[in-house]
Amino acid sequence: MKLRFPTPHSRPGEAPDFSDLVIPAPDALPVPPLTLAAADAWDYANGLVRVLDDSGSAVGSWADYLAEDAGDEILIRGLRDMLTMRAIDRRMQNAQRQGKTSFYMQCTGEEAIACGFQRMLKKGDMNFPTYRQQALLIAADYPLELLMGQIYSNELDPMAGRQLPVLHSARDYGFFSISGNLGTQYVQAVGWAMASALSGETAIAAGWIGDGATASNDFHSALVSAAVYRPPVVLCIVNNQWAISSYSGIAGGGEATFADRALGYGIPALRVDGNDYLAVLAASKWATARARGGHGPVAIEWLTYRAAAHSTSDDPSAYRPRDEASAWPLGDPLERLKTHLNRRGIWSDARHAQAEAEILDHVVAVQKEVETHGTFVDPKPLSPADIFRGVYKELPEHLRRQRQEMGF
Amino acid sequence: MKLRFPTPHSRPGEAPDFSDLVIPAPDALPVPPLTLAAADAWDYANGLVRVLDDSGSAVGSWADYLAEDAGDEILIRGLRDMLTMRAIDRRMQNAQRQGKTSFYMQCTGEEAIACGFQRMLKKGDMNFPTYRQQALLIAADYPLELLMGQIYSNELDPMAGRQLPVLHSARDYGFFSISGNLGTQYVQAVGWAMASALSGETAIAAGWIGDGATASNDFHSALVSAAVYRPPVVLCIVNNQWAISSYSGIAGGGEATFADRALGYGIPALRVDGNDYLAVLAASKWATARARGGHGPVAIEWLTYRAAAHSTSDDPSAYRPRDEASAWPLGDPLERLKTHLNRRGIWSDARHAQAEAEILDHVVAVQKEVETHGTFVDPKPLSPADIFRGVYKELPEHLRRQRQEMGF
Amino acid sequence: MARMTMIEAIRSAMDVMLERDQRTVIFGEDIGYFGGVFRCTAGLQKKYGIERVFDTPINESAIVGLGIGMAAYGMRPCVEIQFADYMYPAYDQITQEAARIRHRSNQDFSCPITIRMPTGGGIFGGQTHSQSPEALFTHVSGLTVIQPSTPYDAKGLLIAAMETDDPVIFLEPKRLYNGPFDGHHATKSKSWADHPAGEVPEGYYTLPIGKAEIRRAGAAVTVLAYGTMVFVAEAAVAETGIDAEIIDLRSLLPLDIETIVASVKKTGRCVVIHEATKTGGYAGELIAEVQAACFYYLQAPIARVTGWDVPYPHAQEWDYFPGPARVGRALIETMEA
Amino acid sequence: MARMTMIEAIRSAMDVMLERDQRTVIFGEDIGYFGGVFRCTAGLQKKYGIERVFDTPINESAIVGLGIGMAAYGMRPCVEIQFADYMYPAYDQITQEAARIRHRSNQDFSCPITIRMPTGGGIFGGQTHSQSPEALFTHVSGLTVIQPSTPYDAKGLLIAAMETDDPVIFLEPKRLYNGPFDGHHATKSKSWADHPAGEVPEGYYTLPIGKAEIRRAGAAVTVLAYGTMVFVAEAAVAETGIDAEIIDLRSLLPLDIETIVASVKKTGRCVVIHEATKTGGYAGELIAEVQAACFYYLQAPIARVTGWDVPYPHAQEWDYFPGPARVGRALIETMEA
Ligand SMILES: Cc1ncc(C[n+]2csc(CCOP(=O)(O)OP(=O)(O)O)c2C)c(N)n1
Ligand SMILES: Cc1ncc(C[n+]2csc(CCOP(=O)(O)OP(=O)(O)O)c2C)c(N)n1
Ligand SMILES: [Mg+2]
Ligand SMILES: [Mg+2]
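Protein chains in written order, with the working numbering: chain X, 4 to 411; chain G, 4 to 411; chain R, -10 to 326; chain E, -10 to 326.
These are calculated hints, taken from the structure and not from any lab test. Do not take every clue at face value.
Once the Cα atoms are required to be at most 27 Å apart in a straight line, the calculated BS3-like pairs of lysine-lysine come out as [unchecked claim]:
| # | chain 1 | residue 1 | chain 2 | residue 2 |
| --- | --- | --- | --- | --- |
| 1 | R | LYS200 | X | LYS396 |
| 2 | G | LYS5 | X | LYS126 |
| 3 | R | LYS200 | R | LYS254 |
Here are some of the chain R residues that sit facing chain G, going by a computed Cβ distance under 8 Å [what the hints assert, rightly or not]:
| # | residue |
| --- | --- |
| 4 | TYR75 |
| 5 | VAL299 |
| 6 | HIS303 |
| 7 | GLN305 |
Glycine included, each C-beta is placed from N, C-alpha and C at the ideal position.
Only chain X is shown next, with the shape it has when bound in the complex (with noise of 0.2 Å):
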């Protein structure tokens, strides 16, 4: 009897090795009625939905699914969503090193995960998201200011500085208040989505959840909740193959697919690639019809990969092969969708390039406008008496006394 402790293909030194991951072709899974049952989704937690074939081409029944959905302008849209997260991630990794803020956290390679499902909400819905999804807010047209003033806690900040950076709110962009505390939000996300639906309205709720952070306890209590009461949620679990430096085997990926998780609760689940800009649109569009419909839950595992570190506190090297990112085989979704486009003859390489341009300067003068309301190096604090309101609605006596003592 000897215990088994699970341990990634390669380490630092080692080859990047994927060879495990099977990734069916495009059409290999037609797109299933909305009142797809878990007992019938086996398939589709074990498979992967697809869209663009290796030569970046848009095809099988989810292209044929997405129809005006893929649009040319709603495909560019996306890329320039895309675009736009990676050059604030990179200004921001060099602002933390620059000291200008205390802490940062990258979503390189996940990109059109976030950017794509945000195109299939509508007004009123609601996304519980983990750190790593920025993104949704960039696809929701976030003002940069207050992205950037909460990184940098300055005068922007919407969270008056009392929140780690990334860890935002923006409830007018359906933005739920991210916790630092892994899993919690799943359930809370279930429990909107169960207000919505009890107040008779049509808003849908979006839980968001790293694969690490399947382990957590509250993934359970979000799947039992949802099954038992068939909530408008979409539980998305973002599998980009590492938690800090423990590889999804750790978190139990190597037994089942997360997607078979949710199958064993009798919620239906589709396994998606998420480097796949059609894809995401595809299996969003089907995932937010169904909840819309009042045909249940559904969740989704994004197959991805984290392709920057854990943090600006972390690093990879230590624990994965440098290259690994590269060797990833569902590649990198942002030239995925440039070369589909391409080939689509709606963008070139050339139009990339000035996108890319363009993009950056827009997001360099909001940094430095930003800055000037203060960095960390050249603050300009708020009032530390500030920490004391909102702790309730109103102040209580004894906080009104904490900040008299405070000497204000």
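Following the hints, complete the assembly by docking chains G, R and E with the ligands onto the known chain X.
Below, chains G, R and E with the ligands alone, put in the same frame as chain X:
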């Protein structure tokens, strides 16, 4: 978008209705290899392992698999264990009604599961039971004096009055200290099994949980851990249809079987007729052999029915038809085993009546003796100061001072 | 006005709010069809429908987590944790989520949820049906923590809690559900039928959160108590004949420090009692505040009478329970100090 | 002897015990191949193998729950919770299970597990990387709660914890991992290289659990502190010139009340400091005990300096942190009272 609120088929005043329970024939599921993988276990998690057919004959591959493990002596012993358990349940239930103890919980209708499972355990194995597996102790020949002493919280109580009745602890009998908090012990069982393997020993562990408590978060922590490390643990789920007043649908049981849950983690699972003593023996033999063979964890959903009240504080006629127990399609485990033994020609109604009377006499005799050591109406209190013992291995200074303040 | 037990008063509060505010929704384990193991929600599902009063799976983290999501949406969940002893799986959601959402989001979101839970012992429930975990909530900024001691207070405070725009922990002393209990467990149980505070208005009313109540005016020593211990204090005072001023805190967070300080300045002595274990219990907080504010008035050290630092035992319940004898002894010692 | 940071001292303690006691097993999130986000276990998996030092899924309840099962079996798990802020999902297992198993089973089973967790702020971690939850453990009978303030103490106490036959909560003040920190965040960080307590024996040694250490003898006022606050107290004393006696509690449960009482009886004044929020914090417990034992010696109310009752803020970290200025002010006020 309407939520779904699961409701049981029938409520008080309505006719019991188990028409959606599909009961396959005993030979429908062949005995799988010990290496059974979750991906191949769907039939096992959705069918029903059975041995006794409707006439009470042992048939099918599981009967063959049992072979000498279902010899006459073993089965007669099983019947006697179950009779003993039921006699004790009746006596203790009455003792509570007479005010002699504060509380009691019966396991009526579920005796076969714990009695049968225990037969396949070895010295050194460890159960992590809930409050409804007292039959594990009966079948392990745990002294009835200690069992009842615990229930009376009297001088004979091995727990010295600390715990609520039925929350036994008996290390030497492979019975872990029961917690009143649901679910917690399930992951502890996994840890215990890991320790056994890490220590190079051969002992296995069994976790126990009710259908209702599968909803608790530590069900998940246990399954994730078991999936990752593959320790020698059998994860038992006793689906007795009710969790106090909530039927199994409130725990999500309407969407998939509880055995299906395990499949989602990549852990194979069997669904077993828990009212068929031979099916229990057969499934237990297979599951413990799998664990001992180093093939990793396995889950078993034991299908049964909680025939009695939840506890002495409960009145089930408030939430379910009075005659639901007698309508339960899988019958009564005692009756079914008796019929089988009669049929086999090694038992008779007369012998049964005699055994029942003998057992009752014995139980009553022990009970009388145990009651001389104190009951709730006629207590022989332990020293109050005793409650300070064992909070820590050594009594710390601050507890010594408190004991002194108490007057000791 | 009507005669109500504490259970009926609590039920009536939820009834009033279900009627009055469509955003109100009630859920928890066994609380729907069955009406709760203590019957606090009996009849409410039938009256308001399953969409407003419903059962949950056995998952306290889900109960609170779902409630947080609903509250963030704009509803007013009032959830039941079957016993306070089972709140631990929800402790993360309560303390790290519900308590923080308003602050961390700078008021972008809020979390108006009421979390009811029966607390305290005296029912031979052993260590998992007897705990008093109030100190695990009073240390959490963002929470409001209430514990009533009478039907009248229970209803008025529960409605106030359900109207609060932030999370409220509502601790129900289960030994008082059916009558005032003074710690004399061997004598016949009393019922609320004869107690003035068993007289409860049938409709809507609220009591202010954060206000203590002087249950007995006195000059010799101030007793700080809440829940069951209020009646234990009354018994101890009656038995010792000491002219104590008994303050029922009712709201533990925020604390009515003004009422407390005024009393201690007058009496010069103070005894704090609770059923929870001693070390790290809420008495420490009360003593720290009282000695800071009343140092120059105190004529004796502030005493505390609490449960011992052991898990709540089953058979030895009354050895653990800080009954009138122990409280009386502390009163005498404090008077003699 | 060797020069060690607190991280190295903690690692060395685990190294010694892995070597010395085959029952020792170490696990937690990211602690195996990678060696932990704070590097406390770096190199241990390589040295002792994956069966003794391994990664876990992100589930703190599982980390503790598995450890309980292993400890009940007879092993000696020493587990890491990545940040104390993430212990909440494990709070049920810690408080209702680990802390109770010996008592509830009347010693049929026991639970020798050590639960390490980095605690405290000062690293711009925001509300989920900065908390000091010690008061949530000191209220739990059956737990032992330790917080060292130097590399020397950390190693000796961690080995002692791992040899304890009951569960121990081992709180590591992360702001002290790399050097003593006195609250002057704007000045250059100090390292353990020049501090006497950075001198640590390489092999096995233990320090007794339950003994406080007088860090500075003094006659004017007693300061009770632990973890980072010990150095803040030293700075405040140096800056105010008040002849304070600084006691580093080291063990919060059990508490070395004798050392404390002897000091306060001598000085007649007392200031208690901690980084955790005020209401319900451990200072309350300390004040309750001190005033009870030293009432007739006290010349001033006992003061407490703590974090404010708000979630630990990110940008306003130093406004929250009870630094030398606030502590100094309390010392002066206490002297002038
Ligand atoms: C309850 C809890 N435990 C531990 C952590 C520390 N932690 C932060 S992120 C992380 C890894 C999460 O991995 P995953 O869920 O895969 O998300 P990803 O970072 O890959 O997006 C860990 C362990 C935490 N934030 N909360
Ligand atoms: C954490 C927790 N929540 C709630 C309870 C209260 N409770 C005790 S038994 C029970 C029902 C359990 O049902 P099930 O798991 O199906 O077991 P059964 O009683 O049917 O054997 C409940 C809700 C508890 N003991 N622990
Ligand atoms: Mg990940
Ligand atoms: Mg059940």
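Output the numbers, in ascending order, of every earlier hint that fails for this structure.
-> none
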